[in-house]
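Visitor: For reference, the chains in residue letters:
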Amino acid sequence: MKARADPVRRALIGGIGATGIAAVGGIGWTLSSPMVPSGSMDGADVARGHRLRSGDFPAPAAIEEAEIVIAGGGIAGLAAGWTLAEAGFRDFRLLELEDGTGGNARSGRNDVSAFPLGAHYLPVPNREARAVRHLLRRLDIITGERDGAPLYDPYQLCADLQERLLWRGRWQEGLVPRSGLSARDSADLASFDRAMAEFTARVGSDGRPAFAIPIAYSSHDPELLALDGIGFTAWLDQRGWTSPVLRSHLRYCMRDDYGCEPQHVSAWAGIHYFAGRRGWAAEGAGENVLTWPEGNDRLARGMAAAFPDAISTDRIVHRVARDGDGIVVDSFDTAAGRTVRTIARAAILAMPHFIARRIAPEDVRRWDGLEYAPWLVANVTVDRLPTGRGAPLAWDNVSSTSESLGYVVATHQGPAARTAGTVLTWYMPLSRQAPAEARRLLLERPEEEWRRIVLDDLLAMNPDLEGAVRGIDLWRWGHAMARPTTGMVWGEARRAAETEPPLFLAHSDLSGLSLFEEAHYHGTRAAEAAMRHLGHAHETLL
Amino acid sequence: MAEVAAANPSRRMSAPAAALIASAFVVATCGLVYELLASTIASYMLGDSVTQFSTVIGSYLFAMGIGSWCSRYVRRDALRLFVRVELLIALIGGCSAAALFLLFPMVDHFRVALYSIVLAIGFLVGLEIPLLMRILREGFDFREVVSTVLTFDYVGALAASLLFPLLLVPYLGMIRTGFLFGIANAGVALALLMILPRRAELRLEKVTAMLILAVLIAGFAVSDRMQRWAETAGYEEPVVYAESTPFQRIVLTRSGNDLRLFLNGNLQFSSRDEYRYHEALVHPALGRVAEPRDVLILGGGDGLAAREVLKHPGVESITLVDLDPAMTKLFSRSAILTSLNAGALTDPRMTVINADGFRWAREARGEYDAIVIDFPDPVDFSLGKLYTETFYREVKRLLAPGGVAVVQSTSPLVAPTAYWTIAETLEAAGLTIRPYHAYVPSFGEWGYILAANGPMPDKARIPDDDRFLTAEIAPRLFDFPPDMARRPAPVNRLDNQALVRIFADEWGRYEG
Chain A
1034 MKARADPVRR ALIGGIGATG IAAVGGIGWT LSSPMVPSGS MDGADVARGH RLRSGDFPAP
1094 AAIEEAEIVI AGGGIAGLAA GWTLAEAGFR DFRLLELEDG TGGNARSGRN DVSAFPLGAH
1154 YLPVPNREAR AVRHLLRRLD IITGERDGAP LYDPYQLCAD LQERLLWRGR WQEGLVPRSG
1214 LSARDSADLA SFDRAMAEFT ARVGSDGRPA FAIPIAYSSH DPELLALDGI GFTAWLDQRG
1274 WTSPVLRSHL RYCMRDDYGC EPQHVSAWAG IHYFAGRRGW AAEGAGENVL TWPEGNDRLA
1334 RGMAAAFPDA ISTDRIVHRV ARDGDGIVVD SFDTAAGRTV RTIARAAILA MPHFIARRIA
1394 PEDVRRWDGL EYAPWLVANV TVDRLPTGRG APLAWDNVSS TSESLGYVVA THQGPAARTA
1454 GTVLTWYMPL SRQAPAEARR LLLERPEEEW RRIVLDDLLA MNPDLEGAVR GIDLWRWGHA
1514 MARPTTGMVW GEARRAAETE PPLFLAHSDL SGLSLFEEAH YHGTRAAEAA MRHLGHAHET
1574 LL
Chain B
1087 MAEVAAANPS RRMSAPAAAL IASAFVVATC GLVYELLAST IASYMLGDSV TQFSTVIGSY
1147 LFAMGIGSWC SRYVRRDALR LFVRVELLIA LIGGCSAAAL FLLFPMVDHF RVALYSIVLA
1207 IGFLVGLEIP LLMRILREGF DFREVVSTVL TFDYVGALAA SLLFPLLLVP YLGMIRTGFL
1267 FGIANAGVAL ALLMILPRRA ELRLEKVTAM LILAVLIAGF AVSDRMQRWA ETAGYEEPVV
1327 YAESTPFQRI VLTRSGNDLR LFLNGNLQFS SRDEYRYHEA LVHPALGRVA EPRDVLILGG
1387 GDGLAAREVL KHPGVESITL VDLDPAMTKL FSRSAILTSL NAGALTDPRM TVINADGFRW
1447 AREARGEYDA IVIDFPDPVD FSLGKLYTET FYREVKRLLA PGGVAVVQST SPLVAPTAYW
1507 TIAETLEAAG LTIRPYHAYV PSFGEWGYIL AANGPMPDKA RIPDDDRFLT AEIAPRLFDF
1567 PPDMARRPAP VNRLDNQALV RIFADEWGRY EG
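Keeping their order, the protein sequence lines are chains A and B.
Each residue of the first sequence is one higher than the one before, counting from 1034 in the working numbering.
Each residue of the second sequence is one higher than the one before, counting from 1087 in the working numbering.
It is worth saying that the hints were derived from the structure and are not from the lab.
For every residue, glycine included, the Cβ atom is placed at its ideal position computed from N, Cα and C.
Worth double-checking, as some hints may not be accurate.
To be verified - Cβ-to-Cβ under 10 Å is the rule here; a few derived chain A residues that face chain B:
| no. | residue |
| --- | --- |
| 1 | M1074 |
| 2 | P1187 |
| 3 | C1191 |
| 4 | L1418 |
| 5 | A1450 |
| 6 | R1451 |
As the list claims (entries may be wrong) - Just a sample of chain A residues kept apart from chain B, beta carbon distances all over 12 Å, derived:
| no. | residue |
| --- | --- |
| 7 | R1084 |
| 8 | E1119 |
| 9 | R1171 |
| 10 | R1417 |
| 11 | P1448 |
| 12 | T1452 |
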């Protein structure tokens, strides 16, 4: 027995020895596996925002005067200021909570490129978006006219290739899956497309386009507005579109624009995503978008440049109240550590509705059901460009299997044709949980964990980036955008958007859709209403 | 087959038995390493690692099944067959990585080669384990044999799967790993032959084992050179220089007096006929400018266009804008390359700027009497930007009054629509054009387009010492036969990149 066991034992010892060495090596290798790159963690200033909630501010220590005060320097506030400046109205002040204006459109910059922190593109505007077009002409983004249509600066139109989708292990052009579809998938995709084309072309009983941008120009045809009363998913069920491929594409779209799951979005908003765009441009650019390495900060800075002296940053507006015919605005100057009272004849509150309600509770009504979607944005600096099988790198790169919305490439729009490294702006709305719970998760999960999530997601899309990721800068948006849930766009609750002069509201919240055009429309509209109230002659841009 | 143990189940038998069991371990390890090599090379060459790993592992296991099934037909002398099978595995498996690397550029159906190798190894490994069990059964309890052989088989698999990513690929590389395990395979077979009692009968196997071992050791020794051949095979000629920069892969090949430059695998010039290309690129443009003093070259980091520009005596300054510092450095320092471009990059009149042409042109101020645009073909979207209307508007702005630009414009014979798209785009940018072409053997029929702010002279001054272009020949280049004649083509814009799509389509069709 011993004789026969010997060779086995010898071989066994050898085998175990070899395995042991391999195992030790394996553990060592695992421990030394690529570290998650470091970077910054930032976001809308939580401390300043929360200080507003406590309401703990000193009494005014200084007084200033202005005809109009704009509280809030996001796109709506900047559009209001720009409209005033454009009309030759000079006596106004814009007070911004953060240390810079731009709101959701702010940007960052490192040694590789500028990059967006939030909003990063503007679709070529529709015919009805006159005010936006006027701005784009002034900013030299529209450079002229050809064949009666606006001609856009080719450097600012998104260059080809615009979009690619990682679908079944291969990158394809466009975001709608095209290969390996079942007959059911193809039929539903085609039928959905046709229905959206019909909605795009449809004119309501009042002669207005069914779905317009800004939405204020949309038809009030009751048949269309009724769509706001039901959920998008319920509406899709009614129409019998059940293809999982179509549904997962629609989920991507709803999260992309609204930060919500399709079952929460109102059917009107859901359809608006597909039927609202009728971009008007020469040289076939109507379906394109305008974009820049720094995203919509290009537009924000363009507007702010028209009235730099009227802007005060680091000012927490904490109280807005009527005083006779006029209005007083108290704001805490974080640099000087004192409260400044601004006495004005009119005020434009260009801020999210829940903040406007808090600082002017007597004038701003409660908006029941208005909730905000939290987002995480990560700017990932890489030493080489992502590649992949199939379609080459595009501006917008999306994976069909990811919970994120994919990434946009900051250097896609130049200024160089070819770069060694780049910055990838990665987006993820936290739409699975209820907003409050998601917001808590966003703030409480350690940044190291978030970075690992971003890195894993990116490497799943682009294994070729292994070892090329140099840094991950996180940006948390606790209240990134209003959620256009059922009834939010056209329902009764939106009466909360109305105020009495001399107080005017201006924010994309008032549309329910967080789009540049909506914020810009409300800013422009509020500025014109304020000028009308004060009797300042101007030509309307709307 | 009873020789191993049955004759005398005593202590003497332990050495061969141990060798047999050790060989089960080695065979299992080697089998899995070959399988991992095939999967990794397949993902490396064909992409999509999930598909490659699944299909390779699947077909490998399937082939093992066939091998096991076939083992039932082995009725005589299992031991001899076992040794032969092991030697065959050593040879095929050991050479598999090298073979796959070298075959890839040469064969049209790489997958056929890949799966043949995978199936062959799988079949042989599948045949081997049952044989081993049968051999050992004679001296051992069957219960013990099955348990021992399978244990070593699986432990071997674990060893392989850990060693492969941790040590083998990073430190040895794939070709060398293949040979190393082939050597282990053949070594165990040889040891077995030495230990086994039937030495005389197995002489043929012993000689074969030594030969195979010698082949594999030689292969192991020249693995590095093979890795280089694998790249050379893609380039047809020996690679004399290769460098990966952040922007591109620069490869120089040389065979006799023929020096070739490849950027990302695309031929940029062959020293045998580059003079045809560069004379035709430069002189029709410069010869149409009354007094070309300030010349701009966009691209052309090899300095060959600059060499031609310097033949014009009045030239006072050349500005050369090339993306990649590695390119211009290489062509200003290497003796063999500076003799080719006559030291043009270090000429006192030369200013080399390493910048992105697209960005540089947009930001540049100043005027140039001649602009030579010598970019690589529009094979991708970033190169495509350098052929857009937007870019040509910047070029137009940089042209001095009476100045002429020339654009290398791919082959009007192979890609006529692409060629005429460039022409259409130059016109859309407001330039007057004169298209022409020349024959460059290593490229084929090649196209160029002159562009200026208004009509250009009919005649051009051509330097006397040109080897290809003469004053008599030059006018003929402007005639286009019907197969290259102008045809409808779109304007290439940044937001449609029509040229990149047309170019890929036409060259794809031409190359099949």
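Visitor: Determine for every hint whether it applies to the structure shown.
Guide: Results of checking the hints against the structure:
no.	hint	result
1	M1074	violated (29 Å)
2	P1187	holds (4 Å)
3	C1191	holds (6 Å)
4	L1418	holds (9 Å)
5	A1450	holds (4 Å)
6	R1451	holds (4 Å)
7	R1084	holds (44 Å)
8	E1119	holds (29 Å)
9	R1171	holds (22 Å)
10	R1417	violated (7 Å)
11	P1448	violated (4 Å)
12	T1452	violated (7 Å)
Checked against the numbered hints listed earlier, the structure breaks hints 1, 10, 11, 12; every other hint is satisfied.
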